[in-house]
Amino acid sequence: MDIGRHHLALWAIAAAGLFVLPSLVGSGILRTLILANYLAIFAISWDVLSGRTGYISFGQPFLIGIGAYTTAILTKRFDVPMEISIPAAVLVTMVGGLIVLLPALRLRGSYFALVTLALMELCYQLVQVIRPDITGGTRGMSGLPTLTRGASNGYYLSTGLMLTIALTAWMLMRTRLGLALSAIGMDEGAVQGAGLSPTRLKSFAFLASAFIAGLGGAFYTHYLGSIAPRALFDITFLFTILAAALIGGSGTVIGPILGAFFLTFLLEWLRPLLPGAERYFVYGLVALLLYMYQPAGILAIIERVRVRLFGDSRSG
Amino acid sequence: MAIVGANGAGKSTLFDGVMGLVHTRGDIRLAGESIQGKGPTFAVGAGIGYASERFNLFPYMSVRDNLLTGAWTARKSIEENLLRVHTLFPRLAERESQEAATCSGGERQMISLGRALMSAPKLLLVDEPTIGLAPKICAEIAQSLQRMRDEMGLTVLIAEQNANFAIRLAERLLILESGHIRAGGQSEELAKDEGLVSAYFGKDAGGFEAKEGVKSPGAAWT
Amino acid sequence: MLLQILIQGFLLSGLYALIAVGFTLIFGIGRILNLAHGSYLMAGGYAFFWIGQIIGLPKIIGVALAVFLGAGMGIAIYRLIVRPLKGDRIAVEIATLILAVILQAAIVLIFGSSSKIPHPLVPGVVRIADTPIAWSILVATCASWIILLSLYAFIRLSHTGRAMQAVSMDPKGAAICGIDSNRIDIIVWSISGGLGALAGVFFAGYTQLSPSMWVTPLIISVAVVIVGGIGSIMGTLAVAHIIGFMEVIVTTLIAPELRGVFTMGLIIVALLFRPRGLFGREEI
Amino acid sequence: MKSATSPGIRFLGIRFSGTRFFTAALLAAAFTAHQAAADIKVGFIGSLSSDTGRSTLRGAEIAVDELNASGGVLGGQKIVLIPADTGEDVTEGIKAYEYLAESEEVDFIVSGSIDDVSLGWIPRMREYRIPTLDTWTSYIGIIDMVIEDPEAMMPYFMNIASDEALATLYIDFGKDVLKGQMGWNSVVILAEDTAFGGAITGLVTDALAPEAGIEVKEIIKYDIATVDFAPIFSKAQNSGADFIYLVSSVNSQVVSSQYVKLQVPMAMTGVNVSAMGADYWEDTGGAGGGMSTLSPVPSVGFKLDPVSQAFVDTYRARYKDRPVMPHFNGFNAYHGVKQAMAAAEAAGGFDDVDAWASNMKQQDLVLELDGQLWLRYGFWGDDEVEPRTGRKYPHNIRFDITEPYDEASPSMVVIQWYEDGTTAVIYPKKYATGEFALPSWVK
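Chains as they are written, first to last, in our numbering: chain Z, 34 to 349; chain P, 4 to 225; chain U, 1198 to 1481; chain D, 161 to 603.
There could be a bad hint or two in this list.
If the Cβ cut is set under 8 Å, some of the chain Z residues that face chain U in the computed set are [said to hold, decoys possible]:
1. Ala137
2. Gly142
3. Ala151
4. Leu152
5. Val162
6. Thr269
7. Glu311
8. Leu318
Simulated from the structure, these hints should not be mistaken for lab results. Computed from a predicted structure; not experimentally measured. For glycine and all other residues, C-beta sits at the position ideal for the given N, C-alpha and C.
Model the full structure from these sequences, guided by the hints.
Next comes the structure, spelled out in structure tokens:
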């Protein structure tokens, strides 16, 4: 395993680079990196379920929302410290999501996508009308406690969180379990034929996805310091998550991260050039074209360049 | 003419290829004109009718609507063609407004043949006309196929597993095995070939035994 | 009170049926959910507004332009998204969702984000059983019914209609009848777009034009298709009435702010307990 | 091999253009960063596609241009204005604020944000401590935050009267006009299910019965995605109330145009945010007559003092698209940016937030018309108590809700849209240019 040492060195350089980055770039870029990190977490969460098993979830904002709202309500209304509220939020996301979405896993294809979309919309409606004194109603809640102050702390926290999640997901997906999940996406019947239970596998993928979504949602809320139904349970938010995972390269761990960074930086770079709604137009167009004409994602482009520049590592 | 071959010998694929439903290599000619790669719409327009193995009927349409859909390329002669179909299969006239999904197997075969006739074809491809049908219905279908050939002047090309059925009906036979032509010629002459008879015609009439190794999909015909 | 609910329910349901029918057709023919369906309504509504209130031409030109624009969009979506993605349903859903977001941004660019109220098709108000009904809404409902019934007749009786059914029920069967499914697809996509845009003109007469106006009709369409089952026109009509009446009843008798909760709840319950819908049959 | 290389070349094409784009972006960033060294940077946060957001932006633009034309500020420095779009979305608002603070490092921010968006970025303002002036949101909860934590909220100023003050004066309108003049005794409240709707509804319902003697028969909350308002109007009619009080900000054109289309036989007044702008008539296609709404000052139909009139003239000459007239927050931004710069002059810049804030509190612009106080841009003292509501309004614009309004401008006026498309202020009497009118179909 001579590539092991080679890889180890690369990883060490990358880690060191990430560590010293705050002293090299402006805090504006760090802020963008933070947002990209959170989007990457959400995209990984989507991909663990949908990118692998082929069960396209339009309800990821629903899961993120449960996590975000749980911790927001606990800290704001009941003065629960964040050390307790965040794990609680993750737990509630997993349990809540399981109760509501597990029956939906019986559905296939478009129907699963739609029921998750409907759940997201339902949640949007419910948060506003059910106990607005607790949820903050339409206005949401602001002035939530934040975990960090300043761009570089937020950067370290979000990068650490994102990398931990990505690494865990990556290792998980390399196990037989991960392979079985991908197999569901290709042929559910064959998985059943091989003596594995697709229901159990799907539930596992779903739980993993909910875990990541809940964790990401809770940290994101405490980063933003505020929460509002319109920003969470929203088709635009859903679109951003989907686009990040898909144009990065779905079915991988690095793909959604690439996609999230690409989209976030695209949006931020466009800001000074196109301050208004043109930005979303260009952003959407880029996402659509990439999705249509590069279905394997940015990852595939990078792979192609790598092969062109350095040759195929497997043959050379 | 009949094409005989075991399950998976490539008969249906051959027909699908002729219709342009699947991608093919080589050349397909109808009356000297190439129809290769021009798609099913062109094939139907050029005068090929197709009654497929699984019928591919429209389950929630009435019998009549199923037939009328067949007239997509031949709208000028609908009445005339409908009359022909009803003469051939009086039962379809009786069941005119019944949904295809509720029809019996034999009736479905009739709809399938009738629908193909509605496009006023010169060449009719019939895939497995007798599969899963009762002997009485088989005879009925065979008779109507003969009438199409003799009275309407159609060229009828049948794909059959049941070689006995084929040899009784067809003037010429083509035997297909794993996508390759094994033998071909006048029916009477082929019937004299001992090897073929033992492989395809079997002992009991209407019976059929699959040969080992014949089951591999044979799409590679050219 | 009961009579009011009845009248208002019928008026709203007719519109909902027209909104959803194009979506149903597309779902029927390729099992594809066109999540940009709401954008037809938006485009149609804005085109009508643009012709009538910015250019100042007669309203009927606005209606015609809206229908043409919608039909053109339908064909464009089919040619540029559905065909290149080779009918991959999930990919089409995602791509059309992204398209809807892009079109929303385009509307903001052209018309700004503030809401606009187009002139009613027919001004004035009529009172039936003490319920005031705007003529424009009455006309829209009647027109919706006429269009839906003629569409039904067209599909049942014409060659093209039968071909549409054929492609929907058995694509191979349709092909061996010589039906060019490509051409049928284009016809269906343009009908779907045209009807969507027309529904947009009517819908805008009810409510307003705004860049986010595509979401509500999309949800209505989704609800109708999900609850009604695979794209049947009669199923669409029936479910549009279930949803329309449910909304009016919730608004009048329960609590207006729970309107959306009930619609979403209906979709979820229907999907979980009857995934093929109440009228689930493979036909259009 | 050949087929393998062609996508690579195509890809390289993309990559080259991508690099070009990146370079352009970097150059643009470097250019603005270079400017930053010498100039005062003012950030704008708000929706660039909404009328209210654009009003603030344009008010600020005109103020900045005038200041630059008169030689700049703080020893001749030029001011540059940097917009950041929120799209009226909370998360986008936070990102926009971060962008202004971190990437552009602005000295001062003027905001045309709606309530929810302001609430979203306020924690960021507390973190960065950038002097910030809010010209649109009127949420009293933000003033409460100033009272609770004056140190953290030091950079924040709101130069529009808070919604509570709007509601209080509106109750007077109810007492004087709706009850006194029209003789109405009961009301049905039609409120959208939003934060804004909830706040105003609560304030108005609490006071209508005890203060104005108008009984609240029923409160109907509606979902903002409602398509058909016919059932809701039926419900309102069935309540048996004398008139409808509307609280609507999100789709107020829909409600009023359906009200007109259906010729609902009850008067409807209240808060109709879209009717506060001059473009309302065009937006509703003329179906908005007979409607009245409260509006912060100055509003459409409001007689203007010479200074504000000059601002409007400049505005009209400069901007040809909508909003054709600046909304009230355009005026607030125009006067407010100048006041913020004056405070910075006195404090020696924006860096010392405490010094800037204490100087901002000293700002007091009194605009007169015909020799009497007409508009006033000043702030309440930290410990000053408003006599009628009995509470403090630190960092909030000074308003007057007691006749004859000679202390400051009133917190709001009521404006009326007539069926011919003209407008007038109908309350308070001092500012009135017309009479309260019912739609022709209401008997």
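How the hints compare with the structure:
no.: 1; hint: Ala137; result: holds (7 Å)
no.: 2; hint: Gly142; result: holds (6 Å)
no.: 3; hint: Ala151; result: holds (4 Å)
no.: 4; hint: Leu152; result: holds (6 Å)
no.: 5; hint: Val162; result: holds (5 Å)
no.: 6; hint: Thr269; result: holds (6 Å)
no.: 7; hint: Glu311; result: holds (6 Å)
no.: 8; hint: Leu318; result: holds (6 Å)
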